[in-house]
Amino acid sequence: MAQTAPDSKQGASPSMSLDEARVLPSGEREFMLDVRTQDMELNMGPQHPATHGVMRILLRVDGEIVTGAQPHLGYLHRCAEKIGENVEWLQYLPYTDRYDYLSSMNNNLGYSMAVEALMTGLEIPRRAQMLRIICAELNRIGSHLIAYGTYGLDIGAFTPFFYAFREREWMMALFEKICGARLTYSYIRIGGVFNDAPPGWLGEVERFCDVFEQKWVEYYDLLMENHIFVKRTADVGVISREMALDFGLTGPMLRGSGVDWDLRRDMPYSLYGEIWKDGAFKIPVARGEKGSLGDCWDRTWVRVMEMMESIKIVRWCLAHIEPGPIIGDVPKVLRVPTGEAYVGIENPRGELGHYVVSDGGKVAIRVRVRGPSFVNVAVTEALMTGTLLSDAVAIVGSTDVVIGETDR
Amino acid sequence: MDFQAIHDRLRVLRAPGLLGSDEPRPADPKDKHSKGRAGDPFLLVDAQKLVDFLVVCRDDARLSFEILADLSATDPSKDAADLWINVNLLSVRHKHRLAIKCTLAKQQARMPSSVRAYRAAQWAERECGEMFGIEFTGHPDPRNILLPDDWIGAPLRKDYEFPKEYHGISCV
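Line by line, the protein sequences give chains Z and D.
Under our numbering, the residues of the first sequence are numbered 1 to 408, in order.
Under our numbering, the residues of the second sequence are numbered 1001 to 1172, in order.
Take these hints with a grain of salt, some might be off.
[Said to hold, decoys possible] With a Cα cut of at most 27 Å, we get these calculated DSSO-like pairs of lysine-lysine: (1) D:LYS1164 <-> Z:LYS82; (2) Z:LYS82 <-> D:LYS1030; (3) D:LYS1049 <-> Z:LYS362; (4) Z:LYS362 <-> D:LYS1030; (5) D:LYS1106 <-> Z:LYS82.
Hints listed in this document are in silico derivations from the structure and should not be mistaken for laboratory results.
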């Protein structure tokens, strides 16, 4: 209140009666004045649970109102692009696991496809394509489970987190069986995949799909229809269609603003074109059901719906997979032909782009990574200004940022 | 639209700064030194007019590149006189992409900022600027983004020398 903050710019004067204070000439209501005191700078992070890693957001707050936000990145910068220019083409693959560590399979796929774009004449066997898609989609489910669980955690719903991690644990056990690692897989290699599915693995994936489909209904009811969750996220952090395009947002952030765009359908790669033509999956696009189009609820809804679509894609692959070779003809010491290529794939967080330049040698000239988190988190700067402090947490959480990728 | 149609359309529009195009080609069997080139076709654009070029790409109804997918740079080699500026545009409406390349002299690495065309360029240029030592004139917020504010040198240039220490922390 004004009494406790003498240097306050705006504040109800102590002598003002309740009736006078209710509506001000500026149109502001009294309760908004109550939460204004004085300008204060507040560090959210680098160790804040809602930033999902080491990101610092310097907030300028006037009481409960955020008047300015400035994200500071770089705490997790590991020079991935510089390393790409210093190690051989095949040796760089494990580093791709480490930028978005929640969707390593997709990162492997993006890098492998960028290198394959330069290697004309390299055939990827069909079974390898199938295994790639199964793993990438399972990884998408795992990544969205984390997004869903931790977003609930950020804004005070503790239970969904445990449910989400239960299924994710099974997914990681599946990955452990096929490639030996639980988080950093390096499974998808240039030319194919490195290991065939062990006996019984595909059957277990099918069982996972069966169980997950039932559990998913629980997830949806538990968080998405939860009254408190809807109150906290609907009409909060609204990104208009124009703003989303201007900021270059992709993935669930873009579809959450009502733009019908998915690289898997619109610029199909691998076998996605065939799967789409078969009508096996749909692209969920937000409609602003609970509030305005493009709010935090819509973005979360897109992620939750996408999990089911991924299950359908996995099922299509399980129905069509046949025995065969799993890797194309790739030499041990890889010399990539001269050229440059940009390949973007649909990562759980948006378009993961790899721009690679080769001069025909064993080492890349340039490996540029366009991380979707880096682009998506830029919008928070504009979104947070003017919101309440508790909404700022909801906004950061809804971008589903992975700091490993913003900083690379 | 395919690459050729986009190029023709931009020529019809007299897009500012359009210099030419470069397409992938197989190696010339008569010339032993020719290696050919694989990958994507791209347009060559004058770096100083890039922002005006991007505005044309964004506003023309038949091109309608709404999204700046990527903006970064490449240092092709230690001896090269120029840096490359690599831009990738994406059209949601027409489902096509366009790769653009500009060259920028290393000695005088300065070009106008593209933030006027796309706000997505803001963070991309901050990263590109600090990593390659490029000055984007007219950028609203030209601070470092991934590197500390007092970092010396441009790490992604090929002639970059790794520091021996940073604030008393040994880097060797």
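Going down the list of hints, with the structure as the test:
1. Pair hint LYS1164 (chain D) plus LYS82 (chain Z) holds up; C-alpha atoms about 17 Å apart against a cutoff of 27 Å.
2. Proposed proximity of LYS82 (chain Z) and LYS1030 (chain D) is contradicted: the alpha carbons are some 36 Å apart, above 27 Å.
3. As the CA atoms of LYS1049 (chain D) and LYS362 (chain Z) are separated by approximately 35 Å, the hinted pair breaks the 27 Å bound.
4. This hinted pair checks out: LYS362 (chain Z) and LYS1030 (chain D) have alpha carbons roughly 25 Å apart, not beyond 27 Å.
5. Distance check on the hinted pair: LYS1106 (chain D) and LYS82 (chain Z) sit about 18 Å apart at the alpha-carbon level, within 27 Å; holds.
When held up to the earlier numbered hints, the structure conflicts with 2 and 3 and fits the remainder.
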